[in-house]
Amino acid sequence: MTTKLMGQRVQRVEDQRFLRGQGRYVDDVAVENGTLHAAVLRSPHAHARIIDIDVSALLDMDGVHAVFTYDDLADFTPEMAEPLPLLIPHPALTHGRTQYALAKDEVNYVGEAIAFVVADDRYVAEDAVGQIVVDYEVLTPVVGIPTARAARNLVHDDIPGNVAAHFEQNVGDAQAAIAGAPHRLSLDLSIERSACMPMEGRGVVARWDRDLNRLQLWASTQTATGVRAAVAVKMGLDLGQVDVITPDVGGGFGVKINHPWPEDLLVPMAAKLLGRMVKFTEDRREHFISSAHERGQDQHIEVGFDDEGRILGLDVEFWHDHGAYTPYGLIVPIITSTQLLGPYKPQNYRVVFESLYTNTVIVTPYRGAGRPQGVFAMERTMDAIAQYLGKDRTQVRAVNFIRPDEFPFDHGLIFQDGRPLIYDSGDYPQSLEKIKALIGWDDFPALQAEMAAQGRRFGIGLACYVEGTGVGPYEGGHVHIETTGKVKVATGLTTQGQGHATVFAQLVADELGVKFEDVEVVTGDTRRMPYAVGTYASRAAVMSGSAIHLAAKRAKEKALKIAADALEADPDDLQIVDGVVSVKGSPGTSIDLGTVAVLSNPLRYAFDEKSKLATQFSVGHPDRPPVPRGEEPGLEGKDFYSPDRATFASGMHAAIVETSEDTAEITIHKYAVVHDCGHLINPMIVEGQIHGGVAQGIGGALYERMAYDDAGQLLNASFMDFLIPYVSEIPDGIAVDHLETPSPLNPLGIKGAGEAGVIPGSAVLAAAIEDAEKLPVTAMPISPSDLFTLRLEHTQ
Amino acid sequence: MSEELHPVRLTVNGVTHRVEVPARRLLSDALRHDVGLTGTHVGCEHGVCGACTVLVDGDPVRSCLMLAVSAADHEITTVEGLAAPDGTLSPVQQAFAECHGLQCGFCTPGFLTTITAGLRENPCPSHEQAREMIAGNLCRCTGYQNIVKAVERAAQIGASDKAAS
Chain Z
1 MTTKLMGQRV QRVEDQRFLR GQGRYVDDVA VENGTLHAAV LRSPHAHARI
51 IDIDVSALLD MDGVHAVFTY DDLADFTPEM AEPLPLLIPH PALTHGRTQY
101 ALAKDEVNYV GEAIAFVVAD DRYVAEDAVG QIVVDYEVLT PVVGIPTARA
151 ARNLVHDDIP GNVAAHFEQN VGDAQAAIAG APHRLSLDLS IERSACMPME
201 GRGVVARWDR DLNRLQLWAS TQTATGVRAA VAVKMGLDLG QVDVITPDVG
251 GGFGVKINHP WPEDLLVPMA AKLLGRMVKF TEDRREHFIS SAHERGQDQH
301 IEVGFDDEGR ILGLDVEFWH DHGAYTPYGL IVPIITSTQL LGPYKPQNYR
351 VVFESLYTNT VIVTPYRGAG RPQGVFAMER TMDAIAQYLG KDRTQVRAVN
401 FIRPDEFPFD HGLIFQDGRP LIYDSGDYPQ SLEKIKALIG WDDFPALQAE
451 MAAQGRRFGI GLACYVEGTG VGPYEGGHVH IETTGKVKVA TGLTTQGQGH
501 ATVFAQLVAD ELGVKFEDVE VVTGDTRRMP YAVGTYASRA AVMSGSAIHL
551 AAKRAKEKAL KIAADALEAD PDDLQIVDGV VSVKGSPGTS IDLGTVAVLS
601 NPLRYAFDEK SKLATQFSVG HPDRPPVPRG EEPGLEGKDF YSPDRATFAS
651 GMHAAIVETS EDTAEITIHK YAVVHDCGHL INPMIVEGQI HGGVAQGIGG
701 ALYERMAYDD AGQLLNASFM DFLIPYVSEI PDGIAVDHLE TPSPLNPLGI
751 KGAGEAGVIP GSAVLAAAIE DAEKLPVTAM PISPSDLFTL RLEHTQ
Chain P
1001 MSEELHPVRL TVNGVTHRVE VPARRLLSDA LRHDVGLTGT HVGCEHGVCG
1051 ACTVLVDGDP VRSCLMLAVS AADHEITTVE GLAAPDGTLS PVQQAFAECH
1101 GLQCGFCTPG FLTTITAGLR ENPCPSHEQA REMIAGNLCR CTGYQNIVKA
1151 VERAAQIGAS DKAAS
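Residue numbers (the numbering used here), protein chains in the order written: chain Z, 1 to 796; chain P, 1001 to 1165.
If you're looking for bench data, these hints aren't it; they were derived computationally from the structure.
No incorrect hints appear here.
Simulated pairs of lysine-lysine, BS3-like, Cα-Cα distance not exceeding 30 Å:
#1 Z:488 to Z:561
#2 Z:670 to P:1149
#3 Z:436 to P:1149
#4 Z:774 to Z:670
#5 Z:638 to Z:515
#6 Z:4 to P:1149
#7 P:1149 to Z:515
#8 Z:515 to Z:610
#9 Z:488 to Z:610
#10 Z:774 to Z:345
#11 Z:612 to Z:584
#12 Z:584 to Z:561
Let the sequences and hints guide you as you build the complete structure.
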């Protein structure tokens, strides 16, 4: 009997490949194949006019095949010389701006692409890049939010105040409610930039097939269909002439969502012009200075509340640093502005933000996407209220919770997907009870006192979040049962290590009644599923999971219909177990799914014994068409899932830290997570997502910052200087507890789980450090030297 | 002007490959692009992340910090050489699968080679030693908890394999 796999800790099928060194990442494609390699000349200046580019030294260089600058692009297609697309326009984005594939006249950040060289190998290509001479007129750069706001210099001459967008949303009258509230507080907070930093950087390989007039592109991307569409437009090709294949991807965390990157266009352009395969593999420094960052925000909060700590009015103003261009629109600040509400319901809320240009690397969503900043704002506010009233921090949160009987809960705001911000389900009071138990909240004061008696500073903090996951618009699934009985599944979104091949196979095995080992999943290949959106916003399980589930249902219906004919039974009386269709209660009367697949496809010719069974002379009734009207040959099911709106996962994190009196070093002794992503498909994989997210959250809270100097130079563009946590920085054992409030929005009752681990990191650690130090922590990340400085400031 | 090429014999996973490379070619690039063994990954090219770790005469070495010409006449083991000839996973590989010690898999080859060497030196690490064994490798996906678990599990499997043989 097939065991139900939903909810089981099934070991991952993809691991076998990875463990043997047989993973196939983009840079592994077309090795030893005469492939040419590209390198990019990048701007050394944060802000400069390009007076002249001299590439004459390259013309005779051995091994160099081509060099391109902006002036060459229009020769290829007119579209190539236009700015890159602004992917997600928004009415409030009044001054959106995107860069060119290669800089035209001006550069606006250190790292902006200026020239593109193709050579026999990367070493030679880099040599050649070093021979290009550019004459710059260096301009004054704008670095950091205060400088951008002051607007003494402009990033783009024609964009006043460096402001790309000014956006406001209101529920009720927050300012009046604050003015009339019994108590009022205001806070100024800030969070610095960090970056996704997948271990594999960006990469793209292109092959132009001149016989078929087609482009084949391998890309390390989170959205294969997006890259495909962008490249087709820019190359002047029909969508049908472009295949994008996303093989294994060595991590994404958001940075691989943006498209097209300049190299996504330049590589296929060069491949077509040169008639050779061309590859670009980003190196680590390039990833720092030419991919994307996130997180940088300054925030001002006004809050009015009653004696219980109940928020009566909340007014949030923040400034978002989006770097030199806005290819991904306003998604990050819109998420901050809506998701900072978390599990609470301030009765009156106003939020206004400005999205600002600076002469730094662009900003696109990074795991959590604007939520860590939002949670930081809200949770610091909760802690401030509790401290002001002398109440326990959990009590203040509890009085502000949306109650379980209030779902679905409509906040009266518009979310990032343009849909109303309506929470589908949740149980925040229960979550709070669980996190208190897991961290030992009520016992902590005793521990703190005991440690204090030994001269040690211990502090505890907690933070709550709600995360909109599983945003639309849609994903598709295709399930194909082969004549061998093996099941091939395709979905268009990509995978970056989340275990999609395993969880989707679990869903198909459950629905179809086949062995898990017989299901093979392909993701991110536009040849197999050309309609898809992408892997981001914790949407894969909800969107593709649901679509694949529905597709499997369709395949099953068809299988049962054909099997019912063959077995002369009613489809309702049939069951599928381990790939065998049988009459319930009469196991002797059965047929293999593979045989059903044979019968589903009446053939003209018999190639082998199986196809012999399926020739038109042996399948179906002689007086009916071999393929009935409304049917298709083959045993396949395809379906799409498109939700009304996002699902809302939620959770709470808590941590116990120690701060050293002597060195101001911050040690995390305990970290606990309670997490609700609805029904779990594979708890092992969900826990893995949480562990990884927590590590990234800790990195963001304590170590990771983009150290720009006033000239716009990124001073820490290497792993030597930008500190990603090693195991030594991560607490030994993260306690995890699950809560399951199923989503009513999809057939599986699931919500996304990909980003939750990272979201409350800065908020929870700021709270714990504040509790240990008894001084306000308002800026993150916080290093030992930051804490040391904070102590000095506080005692002055 | 063409670069001068140097003939180098690279012995990788017991097989000798003859390659002709410029003196500046990194071992990581030679393994991946000249020998065609793409299991070794390059994450930072400055010796910090450990993704490119291979074993040179049994010792873990960052192949992005070693030149291919200097690897001549040494025994190199890459991730492709860890499983038994019949395809059976090594204890470390098996433990990673059991403990969900990987997600995107990009840093995994470096962890597997590092731990293989680590356990050879210290077959029964304490929990703290298991953590230290991987403290020079970066992983952005797993949060390390399950990798530490995998080190301990691999030690267990290794011990029981030894007992059985």
